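Chain residues, written in single-letter form:
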Amino acid sequence: MQVFLQTFINSLQNIALYSMATIGIVLIFRTSITTNFAQGMMGTFSAFFTANFVLYHGMPFWAGITIGALIAFCFGYLIDAGIIRHGREVNASGRQMITMGLMMIFYAIMPAMFVSITTRTPNLPKFSYTNLEFSFLGQELYITEHALICLVIAVIGLSILFFLLKWTKWGMGLRATASNEVVAQMMGINTKFITGVTWGIAGLFVAVAASSTAMSLNAGMMGTVQIYGFLACVLGGLSSFGAPIAGCVLIPLFLNYSAVFSPKWAGLISFILIMLIILVRPNGLFGKKLVKKV
Amino acid sequence: MEKNVLTPNILRVSGTETNRLRIIRHPFFGFIIFGVGMILVQILQKFGVVNYSFAKALGQTAIYGIAALGFSFLLGYAGLSSLGTAGFAGLGAYLTGLILNTYAQVPYFVTLIAVLAVSILLGVSVGFISLRIEGIFLAIVTLGLSEVLGQVFLNAEFTGGPNGMRTGYIRLLPNLLNIRTNISILFYIVTAILVLLMMLTSNLISSPTGRAMLAMKNSTSAAQAMGISLLKYRLLAFILATAYAGIAGSLHMIYGQYTDPVQWTIMFSLNILAACLVGGAKSIWGILIGTLIIFGLTPLFFQDITLLRNNSWIMSVISGVLIILVVMFFKGGIIQLFKNLGVQIRIRNEKKKEYRFGKDE
Amino acid sequence: MAKTNNAARPPVLSSLKEQYYFLIGMLDEARVEKLGSRAAMLSQYLPLRRERLNRGIEKKLARFDARIRKELSALEDKTLPPEAVFKKIYGEKERALEKKYRLQFREFRQNLRRAEGIVDQDNNLTGELSAQAAEKAAAYEAQLEAEKKARVQAALEGFIKKRGGPSERAGEFKTRLERRCAEAAGEREALKKALEVKADAGYQAFARRTEDRIAGIKAKLSEERRRSEAVTAKSHTLVLPDDVALRLDRLCMYFGGLKAVDDLSFDVKKGEIFGLIGPNGAGKTTVFNCITQFYKPSSGEIWFNDRYGKTLRLNKYAVHNIIKTGIVRTFQNIELVAELTVLENLLLAAHTQYNSGFFSHMFFTSGLRQETAVLTQKALEILEKMNLIHLKNAYPVGMPYGILKRIELARTLMADASLIILDEPAAGLNEKETEELMELIKRISREYEATIFLVEHDMGLVMEVCDHICAVSFGRKLAYGTPKEIQESKDVQEAYLGVE
Numbered sequence: 000m001q002v003f004l005q006t007f008i009n010s011l012q013n014i015a016l017y018s019m020a021t022i023g024i025v026l027i028f029r030t031s032i033t034t035n036f037a038q039g040m041m042g043t044f045s046a047f048f049t050a051n052f053v054l055y056h057g058m059p060f061w062a063g064i065t066i067g068a069l070i071a072f073c074f075g076y077l078i079d080a081g082i083i084r085h086g087r088e089v090n091a092s093g094r095q096m097i098t099m100g101l102m103m104i105f106y107a108i109m110p111a112m113f114v115s116i117t118t119r120t121p122n123l124p125k126f127s128y129t130n131l132e133f134s135f136l137g138q139e140l141y142i143t144e145h146a147l148i149c150l151v152i153a154v155i156g157l158s159i160l161f162f163l164l165k166w167t168k169w170g171m172g173l174r175a176t177a178s179n180e181v182v183a184q185m186m187g188i189n190t191k192f193i194t195g196v197t198w199g200i201a202g203l204f205v206a207v208a209a210s211s212t213a214m215s216l217n218a219g220m221m222g223t224v225q226i227y228g229f230l231a232c233v234l235g236g237l238s239s240f241g242a243p244i245a246g247c248v249l250i251p252l253f254l255n256y257s258a259v260f261s262p263k264w265a266g267l268i269s270f271i272l273i274m275l276i277i278l279v280r281p282n283g284l285f286g287k288k289l290v291k292k293v
Numbered sequence: 000m001e002k003n004v005l006t007p008n009i010l011r012v013s014g015t016e017t018n019r020l021r022i023i024r025h026p027f028f029g030f031i032i033f034g035v036g037m038i039l040v041q042i043l044q045k046f047g048v049v050n051y052s053f054a055k056a057l058g059q060t061a062i063y064g065i066a067a068l069g070f071s072f073l074l075g076y077a078g079l080s081s082l083g084t085a086g087f088a089g090l091g092a093y094l095t096g097l098i099l100n101t102y103a104q105v106p107y108f109v110t111l112i113a114v115l116a117v118s119i120l121l122g123v124s125v126g127f128i129s130l131r132i133e134g135i136f137l138a139i140v141t142l143g144l145s146e147v148l149g150q151v152f153l154n155a156e157f158t159g160g161p162n163g164m165r166t167g168y169i170r171l172l173p174n175l176l177n178i179r180t181n182i183s184i185l186f187y188i189v190t191a192i193l194v195l196l197m198m199l200t201s202n203l204i205s206s207p208t209g210r211a212m213l214a215m216k217n218s219t220s221a222a223q224a225m226g227i228s229l230l231k232y233r234l235l236a237f238i239l240a241t242a243y244a245g246i247a248g249s250l251h252m253i254y255g256q257y258t259d260p261v262q263w264t265i266m267f268s269l270n271i272l273a274a275c276l277v278g279g280a281k282s283i284w285g286i287l288i289g290t291l292i293i294f295g296l297t298p299l300f301f302q303d304i305t306l307l308r309n310n311s312w313i314m315s316v317i318s319g320v321l322i323i324l325v326v327m328f329f330k331g332g333i334i335q336l337f338k339n340l341g342v343q344i345r346i347r348n349e350k351k352k353e354y355r356f357g358k359d360e
Numbered sequence: 000m001a002k003t004n005n006a007a008r009p010p011v012l013s014s015l016k017e018q019y020y021f022l023i024g025m026l027d028e029a030r031v032e033k034l035g036s037r038a039a040m041l042s043q044y045l046p047l048r049r050e051r052l053n054r055g056i057e058k059k060l061a062r063f064d065a066r067i068r069k070e071l072s073a074l075e076d077k078t079l080p081p082e083a084v085f086k087k088i089y090g091e092k093e094r095a096l097e098k099k100y101r102l103q104f105r106e107f108r109q110n111l112r113r114a115e116g117i118v119d120q121d122n123n124l125t126g127e128l129s130a131q132a133a134e135k136a137a138a139y140e141a142q143l144e145a146e147k148k149a150r151v152q153a154a155l156e157g158f159i160k161k162r163g164g165p166s167e168r169a170g171e172f173k174t175r176l177e178r179r180c181a182e183a184a185g186e187r188e189a190l191k192k193a194l195e196v197k198a199d200a201g202y203q204a205f206a207r208r209t210e211d212r213i214a215g216i217k218a219k220l221s222e223e224r225r226r227s228e229a230v231t232a233k234s235h236t237l238v239l240p241d242d243v244a245l246r247l248d249r250l251c252m253y254f255g256g257l258k259a260v261d262d263l264s265f266d267v268k269k270g271e272i273f274g275l276i277g278p279n280g281a282g283k284t285t286v287f288n289c290i291t292q293f294y295k296p297s298s299g300e301i302w303f304n305d306r307y308g309k310t311l312r313l314n315k316y317a318v319h320n321i322i323k324t325g326i327v328r329t330f331q332n333i334e335l336v337a338e339l340t341v342l343e344n345l346l347l348a349a350h351t352q353y354n355s356g357f358f359s360h361m362f363f364t365s366g367l368r369q370e371t372a373v374l375t376q377k378a379l380e381i382l383e384k385m386n387l388i389h390l391k392n393a394y395p396v397g398m399p400y401g402i403l404k405r406i407e408l409a410r411t412l413m414a415d416a417s418l419i420i421l422d423e424p425a426a427g428l429n430e431k432e433t434e435e436l437m438e439l440i441k442r443i444s445r446e447y448e449a450t451i452f453l454v455e456h457d458m459g460l461v462m463e464v465c466d467h468i469c470a471v472s473f474g475r476k477l478a479y480g481t482p483k484e485i486q487e488s489k490d491v492q493e494a495y496l497g498v499e
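Protein chains in written order, with numbering that gives the first Met the number 0: chain A, 0 to 293; chain B, 0 to 360; chain C, 0 to 499.
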């Protein structure tokens, strides 16, 4: 029982991390209809900025994260405005390829830009280094404060995002763009601005996720997270903005609980579990099937 | 006027000319010339005209070309997206290594057949998955499958984990040929297999099978109404892709005599996808050009430029920018660019003539 | 096979057994189909083979001719006066010279025009040359003409000087030439004969082999067909009367709570043109999709009499097997394959007629080549008939709607179907095109002896071409009858115009 609960609590930080990394993938998938392979790299890029400010310029961590996130926002907007927007005519795999090209560029220039970081590969700082101990249902449990803060940031951030999506004019425009861009444009919605901001927000969230991983910094650090993000999208279903978050909750749980049984094969077990679920529900847990009319 | 394959009468300008042209126009002519060219490079390397590393990298690129050829069935013809190439090829490589390390006496072609059999099984299972899942979802699911295989490569005992796996001699025939030191024979094997697969691919894509796949890509309902079973052709496309990838992986293993899990990550799948898209996914020559650009430029040419060798990141940036530019501006890939160039030149000449002599007559 | 007409549905209890026999029957049928089509393909290939051999003979003869002509021409030169020889040799050069001078003149004229500013940016003429300039141009042309003549004359003089006068031995050469001519004619005959004999022997051997194979296949075929029929009789409990092509028996199709088709029954007679009409959303296309098994009907049966007189229950067939039973359809929004040429689109419809498997495709075997030759011939004939032959190598993208519709119609003909289903063939066509289409539909039904079943909004077309019409509204049958009866039906008028 103690192990069960503790494993759940240990998963919380990854749930927060994956949710923030994945929401960007969903937003971009819905507006630009592509799987963004550069998502992880956008996050890593701004995490490098954050680390640079915090470790070498003595900035407080929260300020570093904020600046990193803002930089990621700008980068996201610029990527859409500069590149993705001009690739509208390209087919789906072509757009995937564009994001892959972006990924290669990011991957290459990061070590060149931050020589001091890549040669030393320092750990990213945490919000706090203390553990909180408490008892629940008669079990002694603990949670790191860092994880708790991450979770709070994720919950607040995602709540604000969903609130914006649901109730603001921007959110409505985004939903309209996601369902049919041409019609949205005809209705007088500024789709260019909306997709740009969407990319920006995607960058912002993934930047926060990447900066708060507390892992050692290297250019490929978000690779696994990104793959799990894609799988979470498919697991939850891409027909709504919220469904992939369910996938993000499930995947860390799969990983951590299977690690209880076999730490070595945890990845394999959870991959197989995810694949089985997808095979049974091809459109995701909450997805709907579209019937093509002939 | 386009070339008319069906009524050779039109071609009959005069008897002898047609005969001479027919050989050149046969698609295999180019493939054989290509193979001879590859072998020539290897021979030149023996005489010291070409670098050893250049010849070796060329063979390696040719191996990736095989995987890309198989992938074109999925991307260019059946219209299915897959990011599982890395897993499929890695499986071929590790299986070859396993067989060679366990039974050193087994001739290589037996190993190849075993790899093919396993690849085909894998292809069948992915093909069944593709019936239920489509589009970008399929890409992500195959990516997951590839990751499953990647986990096995990383954690299983027989693979050597992150340290990688090494093999020794391979035998072409039992008790006859031990070749290890002689990389040029391996190069010839790779070239022969590549040319053979190019021919088979060219046959397939112009046959009813290729047509059925294209129909399936463009409109599943039209394809079904015309009697094309989606199950059959999706299975076929995946079997072909996994089989080609398996062959490529197996050749990779014997050619380099080493493999490790880092070689078979998502980057490899994406690179194969990029090679197909950049070159032109529907044309065999396009795929080879794409492979050369994505896999070949760095080891073949840029290795010799000091600035680029010392700052390898510049090369990566160039590749990235190139991919983006080609995908965004040349829809059919680089091969389309060449085709368009021919048309453009003709139109320009026509225009020039009109300017000089006037339009009448 | 005893023809009993029991309209009752198959009992549920025996359905498992029925299913078993159906599966066995499908396998048998596939075998029969394959054998039959292989035999047909082989016998159709024979004349093509003959043609190919003839082409080979012609080619060899042409090569012989070219060689002999060269030889004879050299001989002839010696018999002719130098002027004639010059003309023969110089002809080609003179034409080149003429072309060169012509271009020179055109450049001169173009410059004149440009000077007067009557050429626009796209090099189109915007006006006439002024009289003065025209005169100048004419003068230049005359000057060039004179120059050319002088050059030809000079060349002739040079030639005669070099060669000297007519040969004294012309007579001798003449006889030699005549002898050689006769010889050559004889040689040609002999060669032709030898080639023909050889080709004939090859052809005969091939034909004999093929005949043997066809006979073997046919023997097997009749046996297999008997077996298949016995099995099918066990799996399908109903036998349609001979004159009915298609029967819908209480067909229902529900999407959730929506009843798209509700208890619809009617017969389509063999060889007729049958129309299904109804207001928008009446479920007409759904009926088509049910027949071709794109949708599996919620309940009800669809029976079909195929070209061998066998009654099939279509509900059991997979979508891609429908075309094998002899039913082919078009789509409301044209579904042509944009990445294939028009000819290849037609060949696509013959996909099930190919017997060669994957490996013969991979290795491009002679079986595949024979089939391709036969089917290509057939496709070209259809294109010729449909007036589309000039488009055979074009891609069906960006063409006018009418042409795309015609290509799709041509594709249905390729499938050797006994029932052709047309989904709104006239949608998007103008009046003239619609009229052409009417003629076409009538012609197809006449020439191919196919039953045609169409859905259409254009009442003019429906009333003109159809033998029988069924009107539906909200998935239910309103009326059935001849066009005249339908026009007079109260229910139909209400459905279209509303209740008064």
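No lab work stands behind these hints: they were computed from the structure.
It is possible that part of the hints are untrue.
[What the hints assert, rightly or not] Looking from chain C toward chain B, a few residues come up when the C-beta cut is under 10 Å (computed):
1. 88
2. 106
3. 114
4. 116
5. 118
6. 291
7. 295
8. 299
9. 315
10. 339
11. 343
12. 351
13. 353
14. 370
15. 371
[Stated by the list, open to error] Which stretches of chain B does chain C cover? Using the computed rule of at least three CB atoms under 8 Å from a CB of chain C, they are:
16. 211–221
17. 347–356
Fair warning: this is a prediction, and the values are worked out from it, not measured in the lab.
Glycine included, C-beta positions come from ideal geometry on N, C-alpha and C.
> Of the numbered hints stated previously, which ones are contradicted by the structure, given in increasing order?
Replying inline: 1, 3, 4, 7, 8, 9
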